[in-house]
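Chemist: Here is how the chains run, residue by residue.
Number of protein chains: 2
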Amino acid sequence: MSPDTAEGTYQVQGQIGFVLRKANQRHVAIFATHIADLTPPQFAALAKLRDVGETSQNQLGGLIAMDAATVKGVIDRLAARGLVQLAKHEVDKRRLMVKLTDEGHRLIVELLPRARTITEETLSPLSAKDAETLLQLLTKIS
Amino acid sequence: MSPDTAEGTYQVQGQIGFVLRKANQRHVAIFATHIADLTPPQFAALAKLRDVGETSQNQLGGLIAMDAATVKGVIDRLAARGLVQLAKHEVDKRRLMVKLTDEGHRLIVELLPRARTITEETLSPLSAKDAETLLQLLTKIS
DNA sequence: AGGTTATCACTTGTGTACGAATGAAATGTC
DNA sequence: GACATTTCATTCGTACACAAGTGATAACCT
Numbered sequence: 000m001s002p003d004t005a006e007g008t009y010q011v012q013g014q015i016g017f018v019l020r021k022a023n024q025r026h027v028a029i030f031a032t033h034i035a036d037l038t039p040p041q042f043a044a045l046a047k048l049r050d051v052g053e054t055s056q057n058q059l060g061g062l063i064a065m066d067a068a069t070v071k072g073v074i075d076r077l078a079a080r081g082l083v084q085l086a087k088h089e090v091d092k093r094r095l096m097v098k099l100t101d102e103g104h105r106l107i108v109e110l111l112p113r114a115r116t117i118t119e120e121t122l123s124p125l126s127a128k129d130a131e132t133l134l135q136l137l138t139k140i141s
Numbered sequence: 000m001s002p003d004t005a006e007g008t009y010q011v012q013g014q015i016g017f018v019l020r021k022a023n024q025r026h027v028a029i030f031a032t033h034i035a036d037l038t039p040p041q042f043a044a045l046a047k048l049r050d051v052g053e054t055s056q057n058q059l060g061g062l063i064a065m066d067a068a069t070v071k072g073v074i075d076r077l078a079a080r081g082l083v084q085l086a087k088h089e090v091d092k093r094r095l096m097v098k099l100t101d102e103g104h105r106l107i108v109e110l111l112p113r114a115r116t117i118t119e120e121t122l123s124p125l126s127a128k129d130a131e132t133l134l135q136l137l138t139k140i141s
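These protein sequence lines map, in sequence, to chains A and B. Count the first sequence with numbering that gives the first Met the number 0 and you get residues 0 to 141, in order. Count the second sequence with numbering that gives the first Met the number 0 and you get residues 0 to 141, in order.
Please keep in mind that the hints were generated in silico from the structure rather than gathered at the bench. Using N, Cα and C, we set each Cβ at its ideal position, and we do this for glycine too. Be careful, since some hints might not be right.
Straight-line distance between alpha carbons at most 27 Å, and here's what the computed DSSO-like set of lysine-lysine pairs gives [said to hold, decoys possible]: (1) B:K92 - B:K47; (2) A:K21 - A:K139; (3) A:K47 - B:K21; (4) B:K139 - A:K128; (5) B:K92 - A:K21.
Residues of chain A placed beyond 12 Å of chain B at every Cβ, according to the derived structure [to be verified]: (6) E53; (7) K71; (8) D75.
Stretch-level coverage of chain A by chain B, calculated; a stretch enters the list once three of its residues show a Cβ under 8 Å from a Cβ in chain B [stated by the list, open to error]: (9) 18 to 24; (10) 88 to 100; (11) 130 to 136.
The task is simple: from the sequences and hints, build the whole structure.
Modeler: Below is the structure:
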């Protein structure tokens, strides 16, 4: 019998939401030990910009699953540090285009190997097969 | 070949951190559709208080994986709504004891069935077996 | 007892995360 | 062409999440 099938029982610790939150906490902590001066969302934004080159803010948000308000904060902080450069789209005046600066590009390339380490360390309690399974299952519920 | 073993390749979308974040986003969204007037952390605090009765703020934080600063915010908001009652420990004057009010108890009992629904809906893309596997793997990396 | 250390709570500052409202600009429709 | 709708970005407000620093109290230790 799994611990939560009995009527009237409910353990927060065993719920999917709680475990997701804890796993994420550990991952963020590991991330911070390897990449101290960038947060995971900031890193995701830079990594994605390296992939796609120039995009608008909203579009970038779509790519890395952040809503407009959140993306703005992340991009503003990156811009303030000179890692990202902003410019209005010439034709569509609503759009704010974002691209990496040289420094931003240099930084993300330098950090990519560490990102691999972070992923490895986060998944280190699991076998390679289990890690693969976890990724697939998480993707399904995303 | 998994998509990320090649040298020089790094897709943010496939990393464990990104997928954890997305899965959590979906779960929180589902939670909000079923329980509109309580956040997941608030719910966790109430549910845990129902389990353990009275505890100190810090201790509660330990039980639901929140640091002192975060717990304070959550408890303050619950107290402001009369769901939780605060009192200084008589002997140890540092400690701030927390327990459910009658209203808080009534509310959490009323909401527990919906919490089960939320868990089910979050895991609905998976078979029962896969859901179980996911829980186990997530627990291992927490 | 007296001094060191640990624990508890609080505060401040930074960084997500998102709903809701706003305004400007583009698109679609008749 | 005029009007409604959509899209893009911004702003405001609320709520986690955590590091770092502070003050009060308790526990430990010789």
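Chemist: Looking back at the hints listed earlier, which ones does the structure fail to meet?
Modeler: Numbers 5 and 10, in rising order.
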